[in-house]
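4 protein chains.
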Amino acid sequence: MKKDKKFQIVLDTFSGVPFYKQIIEQIKYGIANKKLTSGFQLPTVRQLAVDLTINSNTVSKAYKELEILGYIETQQGTGTFIGNKKIVISEIERQEKIKSLVREIVNKANLYGITIDEIKKALEEVE
Amino acid sequence: MKKDKKFQIVLDTFSGVPFYKQIIEQIKYGIANKKLTSGFQLPTVRQLAVDLTINSNTVSKAYKELEILGYIETQQGTGTFIGNKKIVISEIERQEKIKSLVREIVNKANLYGITIDEIKKALEEVE
Amino acid sequence: MKKDKKFQIVLDTFSGVPFYKQIIEQIKYGIANKKLTSGFQLPTVRQLAVDLTINSNTVSKAYKELEILGYIETQQGTGTFIGNKKIVISEIERQEKIKSLVREIVNKANLYGITIDEIKKALEEVE
Amino acid sequence: MKKDKKFQIVLDTFSGVPFYKQIIEQIKYGIANKKLTSGFQLPTVRQLAVDLTINSNTVSKAYKELEILGYIETQQGTGTFIGNKKIVISEIERQEKIKSLVREIVNKANLYGITIDEIKKALEEVE
DNA sequence: GTGGTCTAGACCACC
DNA sequence: GTGGTCTAGACCACG
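Chains as they are written, first to last, in the numbering used here: chain A, 1 to 127; chain B, 1 to 127; chain C, 1 to 127; chain D, 1 to 127.
FYI, nobody ran anything at the bench for these hints, they're computed from the structure.
Some hints here could point you the wrong way.
The list treats identical chains as one, so a pair stands whether inside a single copy or across any two.
[To be verified] In silico DSSO-like links for lysine-lysine, alpha-carbon gap of 30 angstroms or less:
{"no.": "1", "residue 1": "120", "residue 2": "85"}
{"no.": "2", "residue 1": "121", "residue 2": "61"}
{"no.": "3", "residue 1": "34", "residue 2": "86"}
{"no.": "4", "residue 1": "64", "residue 2": "120"}
{"no.": "5", "residue 1": "64", "residue 2": "121"}
{"no.": "6", "residue 1": "99", "residue 2": "85"}
{"no.": "7", "residue 1": "61", "residue 2": "120"}
{"no.": "8", "residue 1": "21", "residue 2": "35"}
{"no.": "9", "residue 1": "121", "residue 2": "85"}
{"no.": "10", "residue 1": "108", "residue 2": "85"}
{"no.": "11", "residue 1": "21", "residue 2": "64"}
{"no.": "12", "residue 1": "86", "residue 2": "108"}
{"no.": "13", "residue 1": "21", "residue 2": "97"}
{"no.": "14", "residue 1": "86", "residue 2": "99"}
{"no.": "15", "residue 1": "85", "residue 2": "64"}
Note that the coordinates shown come from a computational prediction; the quantities given were computed from them, not determined experimentally.
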């Protein structure tokens, strides 16, 4: 896995999770990971819509919710910026995330008749 | 991973995938995996609804779609049964599934600041 | 019988045939008769529900089944449209329909003590 | 159409009207038409079920409802008989029936792309 | 008991 | 505005 300096949003079309929620979550985690720091300018609603090839209303909805939550600030005519609000993810939460992700992997693998070994092997190749 | 003889449907409430689609997919994979064979009686609409703690209409909707697609047969007053239609999953499709599952894992790990090594380690412990 | 340019769905409340099946059949015949052609926008789920004074879920169910069968296509947020799939009714099928319709008429007439002559006379007056 | 001396129940599987309702209606009309007169013994529940190849519960349900309505009487161990209650169908009701039947015919013909002439021609041939 | 149909109404995703 | 999902609950047909 190569180091990702630049912040980028990636949508998973098949997960079933609504795009606007994916955007919200990824920006929140970007803040938590310090990839997005106070004052950073987010892409414009229209630009991000084009980049992700989704409707601009969807981006708008995500930004609006993030603003309500206080994570970003919109300045009319200038753009949208990361705010001061901090997000801290505790080690316990991280461990929880790992557990739930693994549980999910095992369930899906099971469902599709995929073995854990196959998953692990495929993961080796990613690196 | 221990061997799972009995067929069981598991819903992921947080995935965002509609319940009825999860049911459809799992039954289809059950047929593909030969865990569900022709003539096998599925749980009743109401029983499955209770088991999954969802509304019976949701189960009904899933069964209905599977019936239209020809995978199951319903007999009013008797129950719902697996039909004759076969589902074959090619090795290519399996490999595709593995790829997409791994892609999903990497994306999520990335998002949450989890390393692949942590995932692999956690997967070891499952076995 | 006057020419019917506009497509319209009519429900028979007393026939005992489920509403959603009547809708499905009429749309299928509309496609077969070329009254509904590829790309045509069907009434919205809610509008048709209002027009037929039935619940929107019932319309939704009909549209859903037609979509699974490939006759119509739905676009979230936009509407529901006739697809490309063709339906051909052979002359043999038409003759079968006539036969079964006549059989039905005779049965009912018989049952209610109505003579075929009365039916024919009443049919003359329709024209 | 040949004269029908004997009373006989005919089920229409495709009408969607439940069997038990068809049975009830036909017996009621039999009484109205004087084809079934007071004291006439109806077939047993089991016999009629066999004749119509339906479940005996269905026949039972029809007879029970007719008994509640007072049209037939059940004598334990002997059989089921037509009661004294008369049913009179007024000429107005008959004319209404004709009208509604014709309306139904026209609707269905319309739907299936059948002309009234074809119906009339087919009706000629029945005689 | 089984599944099937329908309603009323809530909430969501997307344009 | 569009369609989609889900619930709660009623009633029916069939075995």
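Each hint tested on the structure:
{"no.": "1", "hint": "120 with 85", "in the structure": "neither (38 angstroms within a copy, 33 angstroms between copies)"}
{"no.": "2", "hint": "121 with 61", "in the structure": "neither (39 angstroms within a copy, 38 angstroms between copies)"}
{"no.": "3", "hint": "34 with 86", "in the structure": "within (9 angstroms within a copy, 35 angstroms between copies)"}
{"no.": "4", "hint": "64 with 120", "in the structure": "neither (39 angstroms within a copy, 37 angstroms between copies)"}
{"no.": "5", "hint": "64 with 121", "in the structure": "neither (41 angstroms within a copy, 38 angstroms between copies)"}
{"no.": "6", "hint": "99 with 85", "in the structure": "within (27 angstroms within a copy, 33 angstroms between copies)"}
{"no.": "7", "hint": "61 with 120", "in the structure": "neither (37 angstroms within a copy, 36 angstroms between copies)"}
{"no.": "8", "hint": "21 with 35", "in the structure": "within (19 angstroms within a copy, 33 angstroms between copies)"}
{"no.": "9", "hint": "121 with 85", "in the structure": "neither (40 angstroms within a copy, 33 angstroms between copies)"}
{"no.": "10", "hint": "108 with 85", "in the structure": "between (36 angstroms within a copy, 23 angstroms between copies)"}
{"no.": "11", "hint": "21 with 64", "in the structure": "both (11 angstroms within a copy, 13 angstroms between copies)"}
{"no.": "12", "hint": "86 with 108", "in the structure": "between (34 angstroms within a copy, 21 angstroms between copies)"}
{"no.": "13", "hint": "21 with 97", "in the structure": "both (17 angstroms within a copy, 24 angstroms between copies)"}
{"no.": "14", "hint": "86 with 99", "in the structure": "within (24 angstroms within a copy, 35 angstroms between copies)"}
{"no.": "15", "hint": "85 with 64", "in the structure": "both (15 angstroms within a copy, 22 angstroms between copies)"}
This entry does not satisfy hints 1, 2, 4, 5, 7 and 9, going by the numbered hints stated previously.
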